[in-house]
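*Asks:* Can you build the whole structure from these sequences, using the hints too?
Residue numbers (numbering that gives the first Met the number 0), protein chains in the order written: chain W, 0 to 285; chain U, 0 to 313.
Hint data in this document are derived by calculation from the structure and do not stem from the laboratory.
These numbers were taken from a predicted model, which means no experiment stands behind them.
Hints may be right or wrong, so weigh each one.
Computed cross-link-like contacts, SDA-like style, restricted to lysine to any residue with a CA-CA straight-line distance of at most 25 Å [to be verified]:
no., chain 1, residue 1, chain 2, residue 2
1, W, 143, U, 22
2, W, 207, W, 147
3, W, 143, U, 296
4, W, 143, W, 210
5, W, 143, U, 20
6, W, 143, U, 266
7, W, 143, U, 23
8, U, 42, W, 246
9, W, 143, U, 152
10, U, 42, W, 147
11, W, 143, U, 310
12, U, 310, U, 296
13, W, 143, U, 21
14, W, 143, U, 45
15, W, 207, U, 50
16, U, 42, W, 146
17, W, 143, U, 32
18, W, 143, U, 272
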Amino acid sequence: MNIYPQAAQPGPGQVANLRELAGVVRRQSLRMVHRARVGHPGGDLSAADILIALYFGALRIDPRQPNDPGRDRFIMSKGHCSGSLYATLALKGFFPWEELAQYMQPLARLNGHPNRTELPGVEANTGALGHGFPVGVGAALAAKMDGASWRTFVLTGDGELQEGSNWEAAMAAAQYGLDNLTVVVDRNGLQQGAPTETTVRLEPLADKFQAFGWAVREVDGHDYDALLDTLHALPFEPGRPSCVIAHTTKGKGVSFIENRAEWHHHVPTDAELEAALRELGEESHA
Amino acid sequence: MLERFDCRVAFARTLESLAREDARIVAVVSDSVGSAGLSQFSKLFPRRMVNVGIAEQDMVGIGAGLANGGKIPFVCAASCFLTARALEQIKVDVAYSRANVKLCGMAAGLAYGQLGPTHHSIEDLAWLRAIANLTIIVPADPGETAQAVRAAAAIEGPVFLRVSRTPVPEVHPAGYRFRIGAASVLQPGGDVTLIANGTMVCRALEAAALLAQEGVSARVVNLATLHPLDRAVIQDAAESTAGIVTVEEHSTRGGLGGAVAEVVAASCPVPMRILGIPTFAPTGSAEWLFEYFGLTPKGICGAALELLEAKVRS
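*Replies:* Below, the structure is given as structure tokens:
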């Protein structure tokens with residue numbers, strides 16, 4: 000059964016509902032990683048609130064018409080966080096909730112990284128980093144050429160911004176005045192094995208985007224009021240692409256996963272899963 | 000000597016016609032309006048010419064995004080930079096995603112001559128041939144180039160079109176109809192088969208004339224589509240002639256010769272000679288380099304005669 004099939008665009012009063020949905024996504028993505036014995040739980044938990052805010056609070060999409068030419072495009076550039084993406088897509092109604100049990104099983108549509116040719120709701124094949132941003136620029140450009148009102152959103156990781164292709168895309172987006180494009184950065188501060196700032200630093204990140212010609216806002220990536228206010232204020236400036244730096248906690252919601260680089264692709268044991276689900280409020284949604 | 004043409008002209012004129020007929024057609028370039036021959040397109044359709052600057056990865060990703068937004072992007076740049084710099088974007092954003100993007104590798108092979116191996120694109124076919132979902136076309140003359148552009152636009156899905164700027168004559172008879180995946184037998188022959196693509200097809204035809212003077216009947220095949228491959232024509236050549244000489248403006252490893260050898264080895268092993276470019280080229284014009292690497296009618300003829308002699312001796 001689809002637990003939350005067609006949530007309407009929520010107003011501020013529905014924030015509690017969004018938190019509940021994010022809880023469902025967090026628990027489900029951990030179960031999926033646990034069952035598949037592979038995955039990226041740290042990033043799944045970090046991105047969950049952003050995904051829910053986008054899918055249930057911003058994106059103009061109809062899962063019954065996943066190829067509607069007028070739909071908003073969402074591109075998950077950090078494709079390794081497929082666990083939370085798939086759970087969100089299933090919640091939204093793009094495919095049956097039960098199919099999540101097939102995550103990374105042989106021949107499943109739910110590959111470790113999203114594949115648009117198999118799974119409805121996926122706009123671009125990602126997994127190799129630094130790919131979603133340029134694709135998003137192209138989609139936004141297509142809408143501009145047609146004078147169409149649909150918008151393009153890209154979610155990137157922060158470590159991923161070390162890929163030069165993103166900055167090529169950032170320059171082009173500003174050049175073409177793509178105010179129908181929003182890039183959300185999941186700024187959890189950690190990459191695969193270490194903090195971004197001790198690997199190759201990104202700060203001052205907001206200044207970088209501004210210098211590239213973008214309108215930038217920073218927001219708490221786990222605060223729904225702030226996330227929704229920000230997403231409803233788009234575009235931040237006419238004629239400029241918008242960047243949302245969403246400050247997040249990698250592993251958000253589970254004490255022993257939070258801010259631990261080793262959980263980037265660690266698989267929880269049975270006991271760890273149980274403990275994590277408890278922390279994420281399992282009893283109310285078992 | 001037959002009149003020779005730069006295939007980029009046929010490419011550009013056809014793209015302009017297509018753009019008039021279909022509003023979805025757009026061009027994407029990386030500061031490569033001129034090298035793609037698209038100055039006129041740019042004037043005719045300024046809003047449908049996307050110049051991303053010197054940024055090939057971005058160019059290919061943007062192409063995939065435009066396709067997602069319903070456009071039919073022709074992504075045009077010097078083949079060396081398009082294929083090498085943006086190889087992962089070609090694999091992931093275009094081929095794996097089955098994006099409706101038409102990649103146009105301009106001035107491939109040794110066309111840039113003296114500018115050297117940084118600008119030569121002699122690995123592109125080997126790289127791209129290993130990627131699934133990607134139709135690969137290497138037209139031999141202006142007429143075939145024009146038809147290939149239309150065929151690429153007409154099919155839904157990723158295509159790589161390798162467009163030469165080395166002048167070539169028309170090698171096909173009037174009325175020739177190009178079809179994706181179908182090789183064309185330009186000349187029948189029963190002793191040996193010459194299989195070529197792109198700029199080397201006219202040279203293979205001239206080699207066949209030299210071979211005829213030696214009393215050798217050479218079949219000449221233009222294998223314009225490298226993927227999907229016309230296996231039947233290759234297999235027939237292996238079964239009905241003594242051996243196969245392949246000729247390409249490309250590395251001797253992994254391109255046309257490799258593709259033909261894979262079919263021959265699995266279906267009907269016969270001797271082959273794979274002519275191409277075995278190493279980074281020294282300094283020299285494209286024409287000089289063709290001579291240097293034996294990619295000439297005489298060189299092709301010599302390879303065919305050597306193959307036949309070796310076969311007789313064995």
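*Asks:* Evaluate each hint against the coordinates.
*Replies:* Status of the hints after comparison with the structure:
no.	hint	verdict
1	W:143 - U:22	14 Å, holds
2	W:207 - W:147	29 Å, violated
3	W:143 - U:296	51 Å, violated
4	W:143 - W:210	23 Å, holds
5	W:143 - U:20	21 Å, holds
6	W:143 - U:266	52 Å, violated
7	W:143 - U:23	13 Å, holds
8	U:42 - W:246	45 Å, violated
9	W:143 - U:152	22 Å, holds
10	U:42 - W:147	24 Å, holds
11	W:143 - U:310	63 Å, violated
12	U:310 - U:296	21 Å, holds
13	W:143 - U:21	18 Å, holds
14	W:143 - U:45	14 Å, holds
15	W:207 - U:50	23 Å, holds
16	U:42 - W:146	21 Å, holds
17	W:143 - U:32	21 Å, holds
18	W:143 - U:272	52 Å, violated
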